[in-house]
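Visitor: In order, the protein sequences belong to chains A and B. So the first sequence is residues 63 to 432, counted in this note's numbering. So the second sequence is residues 63 to 432, counted in this note's numbering.
It is possible that part of the hints are untrue.
A pair counts as met if it fits within one copy or between any two copies, since identical chains are not told apart.
[Stated by the list, open to error] Below 25 Å or equal to it, Euclidean Cα-Cα: the simulated BS3-like pairs (lysine-lysine) are:
{"id": "1", "residue 1": "Lys-94", "residue 2": "Lys-390"}
{"id": "2", "residue 1": "Lys-283", "residue 2": "Lys-108"}
{"id": "3", "residue 1": "Lys-94", "residue 2": "Lys-378"}
{"id": "4", "residue 1": "Lys-254", "residue 2": "Lys-204"}
{"id": "5", "residue 1": "Lys-204", "residue 2": "Lys-413"}
{"id": "6", "residue 1": "Lys-378", "residue 2": "Lys-390"}
{"id": "7", "residue 1": "Lys-333", "residue 2": "Lys-357"}
{"id": "8", "residue 1": "Lys-390", "residue 2": "Lys-257"}
{"id": "9", "residue 1": "Lys-76", "residue 2": "Lys-94"}
{"id": "10", "residue 1": "Lys-94", "residue 2": "Lys-383"}
{"id": "11", "residue 1": "Lys-257", "residue 2": "Lys-211"}
{"id": "12", "residue 1": "Lys-375", "residue 2": "Lys-94"}
{"id": "13", "residue 1": "Lys-254", "residue 2": "Lys-413"}
Just so you know, these hints were derived from the structure itself, not from any lab.
Protein chains: 2
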Amino acid sequence: MLVNNVPYRTIFLKPSNAKAVHIIDQRALPFKFAIEELINVDDTAKAIREMHIRGAGAIGAAAGFGMYLAALEAPQNIGFGQFLRLAGKKLIATRPTAVNLSWAVERQLDAIAKGTNFDEKISIALETAQAIADEDVEQCRKIGEHGLKLIEEISKKKDGQPVNIMTHCNAGWLAFVDIGTATAPLYLARQKGIKAHVFVSETRPRNQGASLTAWELENEKVPYSLIVDNAAGHLLQRGMVDMIIVGCDRCSRNGDVANKIGTYLKAVAAKENNIPFYAAVPSSSIDFRISDGLKEIHIEQRDEDEVKSVTGKDEKGNMQKVILAPEKSRALNFGFDVTPARLITGLITEKGVCKADEENLMKLFPERKG
Amino acid sequence: MLVNNVPYRTIFLKPSNAKAVHIIDQRALPFKFAIEELINVDDTAKAIREMHIRGAGAIGAAAGFGMYLAALEAPQNIGFGQFLRLAGKKLIATRPTAVNLSWAVERQLDAIAKGTNFDEKISIALETAQAIADEDVEQCRKIGEHGLKLIEEISKKKDGQPVNIMTHCNAGWLAFVDIGTATAPLYLARQKGIKAHVFVSETRPRNQGASLTAWELENEKVPYSLIVDNAAGHLLQRGMVDMIIVGCDRCSRNGDVANKIGTYLKAVAAKENNIPFYAAVPSSSIDFRISDGLKEIHIEQRDEDEVKSVTGKDEKGNMQKVILAPEKSRALNFGFDVTPARLITGLITEKGVCKADEENLMKLFPERKG
Numbered sequence: 063m064l065v066n067n068v069p070y071r072t073i074f075l076k077p078s079n080a081k082a083v084h085i086i087d088q089r090a091l092p093f094k095f096a097i098e099e100l101i102n103v104d105d106t107a108k109a110i111r112e113m114h115i116r117g118a119g120a121i122g123a124a125a126g127f128g129m130y131l132a133a134l135e136a137p138q139n140i141g142f143g144q145f146l147r148l149a150g151k152k153l154i155a156t157r158p159t160a161v162n163l164s165w166a167v168e169r170q171l172d173a174i175a176k177g178t179n180f181d182e183k184i185s186i187a188l189e190t191a192q193a194i195a196d197e198d199v200e201q202c203r204k205i206g207e208h209g210l211k212l213i214e215e216i217s218k219k220k221d222g223q224p225v226n227i228m229t230h231c232n233a234g235w236l237a238f239v240d241i242g243t244a245t246a247p248l249y250l251a252r253q254k255g256i257k258a259h260v261f262v263s264e265t266r267p268r269n270q271g272a273s274l275t276a277w278e279l280e281n282e283k284v285p286y287s288l289i290v291d292n293a294a295g296h297l298l299q300r301g302m303v304d305m306i307i308v309g310c311d312r313c314s315r316n317g318d319v320a321n322k323i324g325t326y327l328k329a330v331a332a333k334e335n336n337i338p339f340y341a342a343v344p345s346s347s348i349d350f351r352i353s354d355g356l357k358e359i360h361i362e363q364r365d366e367d368e369v370k371s372v373t374g375k376d377e378k379g380n381m382q383k384v385i386l387a388p389e390k391s392r393a394l395n396f397g398f399d400v401t402p403a404r405l406i407t408g409l410i411t412e413k414g415v416c417k418a419d420e421e422n423l424m425k426l427f428p429e430r431k432g
Numbered sequence: 063m064l065v066n067n068v069p070y071r072t073i074f075l076k077p078s079n080a081k082a083v084h085i086i087d088q089r090a091l092p093f094k095f096a097i098e099e100l101i102n103v104d105d106t107a108k109a110i111r112e113m114h115i116r117g118a119g120a121i122g123a124a125a126g127f128g129m130y131l132a133a134l135e136a137p138q139n140i141g142f143g144q145f146l147r148l149a150g151k152k153l154i155a156t157r158p159t160a161v162n163l164s165w166a167v168e169r170q171l172d173a174i175a176k177g178t179n180f181d182e183k184i185s186i187a188l189e190t191a192q193a194i195a196d197e198d199v200e201q202c203r204k205i206g207e208h209g210l211k212l213i214e215e216i217s218k219k220k221d222g223q224p225v226n227i228m229t230h231c232n233a234g235w236l237a238f239v240d241i242g243t244a245t246a247p248l249y250l251a252r253q254k255g256i257k258a259h260v261f262v263s264e265t266r267p268r269n270q271g272a273s274l275t276a277w278e279l280e281n282e283k284v285p286y287s288l289i290v291d292n293a294a295g296h297l298l299q300r301g302m303v304d305m306i307i308v309g310c311d312r313c314s315r316n317g318d319v320a321n322k323i324g325t326y327l328k329a330v331a332a333k334e335n336n337i338p339f340y341a342a343v344p345s346s347s348i349d350f351r352i353s354d355g356l357k358e359i360h361i362e363q364r365d366e367d368e369v370k371s372v373t374g375k376d377e378k379g380n381m382q383k384v385i386l387a388p389e390k391s392r393a394l395n396f397g398f399d400v401t402p403a404r405l406i407t408g409l410i411t412e413k414g415v416c417k418a419d420e421e422n423l424m425k426l427f428p429e430r431k432g
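Excised from the complex, chain A in its bound form:
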């Protein structure tokens, strides 16, 4: 997408330097647009763990490129394979909930193993990393096309009045390599001249809605209103929202969706008020190995400091962390929650929109049956 009229991806190689990977450092947004250079797997793991780059698709791509950087730095001897396996473990350990990390690492390990010499292995690692990134973009584009139809239908019913869409956190292009999932239908709707307005939930504790989704929509000139997370129920109850589209960090084969903490509250309130609730789910986020999201998806617990404090820009223009609660207070910080399939109107995948259950997911992904 465009940043100050220059097209960017969240993660990319510069043609002049194939030994480093570049990412948009999302910690500085919405106030500063900064590019960070990653030169080895430890850099990459740190960037994922400390959320310089975040979002299911983007960290999957980062893990893919991290494995390429690992291949570059690995000893070109019998230790090569072990170095890569350790690198993969480091990357997977950074964020326990999203499935994209292990998916990208395993894909790289399988692909690299096919190389017959070290040069070839490194080439394969680069090609695979690029392929993971390109496929992510393609998946997002297709999700956009399928989701667009849902927005179009509502727009027609409303005689072209703006479609009010609520989202949560950031499942925009900053969470992927480009375009995004939950926002992709919106960007395509805008291209087609369909009017939409977005309710952007700030998404405490890390405020990815306020800092990232708002910044994306601002840049793309999509009308939006920022709200605190607490306000979602009131808007749903009062008929101010036509549909919800959220992202997905991990989806089980029965259609349960783990996503940023707070998603579940929106889903419950949407059901209560008969508002359609969709999750945009690229197949890279579907964990076909598990069939009960509530029981089998590990929910990451993060540092209590994220709850007790927040970072923003002070009146002098400096980034400041401020504490909000008594210094001695204790906080609990779950990063995600799981929305059971029965609360989900549909999953928007790159293969089409389906009901959130195993039967319908298998119709779209028959190769994952059994």
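Keeping the supplied structure of chain A fixed, place chain B upon it in accordance with the hints.
Guide: Chain B alone, transformed into the frame defined by chain A:
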């Protein structure tokens, strides 16, 4: 309640000076304990509007004392009555959702009208203000006793294991004159040695949970965990909460409860997970004139700046406002939402606990029938 071992109310007269009213300035909490002096009705209106003092009971008492200050400053001539009526309008206009303001103002106007000379009118205004404050304390104490029984029952079922109580915003003693409503049962449970643990929702945008409820519980040594508002659903879904007790800014005669924005999301998620959801409702917060809370309670919209920014303490110990979203972003800021009676397990009033409907409220308050 105690602050550094000294008993305080949120609003009080100093024996040495009956011409001024003192309040705890809640804007400085949890980092600084500050007392503010109010000397006229404009001071008082500003303190309520800008939330130096907030919470249904506390602002009701503030309106009562504000009318006393108005009586002190009113011209002792034919303009006295008009001055008081204007003062009442000013006070009522500060916060449109809570019923306590108009209730306290009307009570003062009726009482003061009975005085036969100006000295007597001023005496009546002082007595009435004190009575409103004292009755608020007494209502809270009784709510505590009725709510205590609910906690005791759960404690017995859990064989004395800590009862996990979730609350929202601050309906603690800082929101009233003393003791509080939602927290009153907790404080009484603690006196009886019943173990409890509280999940304190930070309550964006103004974070009264993180800054006030956490500070209260810290001072009273009640164990608690701070959470972001988004985490409430996950905790309810995972069986980590035994009951919810929230406060109330206005309750209709059919049992709908307007309370701080975000309350409704907790109620919906509690229902979904069969967790008891109680609202602590002193009769001063029941608006017997209205019978449909969803249609008839005006929801205050506040400045978008509250959503776009937050105030906390920086690393140097200074209070700082930091902005969290793009400068150009627009925000919507509803102060309250309405939880329909059907989602409420019971109302804890000073007369007892009842089902949230007109029939059962009328059994407790038969004088309000018809």
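Visitor: Each hint: holds or not?
Guide: Consistency of the hints with the structure:
no. : hint                : result
1   : Lys-94 <-> Lys-390  : between (32 Å within a copy, 14 Å between copies)
2   : Lys-283 <-> Lys-108 : neither (33 Å within a copy, 38 Å between copies)
3   : Lys-94 <-> Lys-378  : both (14 Å within a copy, 24 Å between copies)
4   : Lys-254 <-> Lys-204 : within (15 Å within a copy, 61 Å between copies)
5   : Lys-204 <-> Lys-413 : within (7 Å within a copy, 60 Å between copies)
6   : Lys-378 <-> Lys-390 : between (29 Å within a copy, 17 Å between copies)
7   : Lys-333 <-> Lys-357 : both (22 Å within a copy, 21 Å between copies)
8   : Lys-390 <-> Lys-257 : between (48 Å within a copy, 20 Å between copies)
9   : Lys-76 <-> Lys-94   : within (21 Å within a copy, 51 Å between copies)
10  : Lys-94 <-> Lys-383  : both (16 Å within a copy, 19 Å between copies)
11  : Lys-257 <-> Lys-211 : within (13 Å within a copy, 54 Å between copies)
12  : Lys-375 <-> Lys-94  : both (10 Å within a copy, 23 Å between copies)
13  : Lys-254 <-> Lys-413 : within (21 Å within a copy, 60 Å between copies)
In this structure, the one hint that does not hold is number 2.
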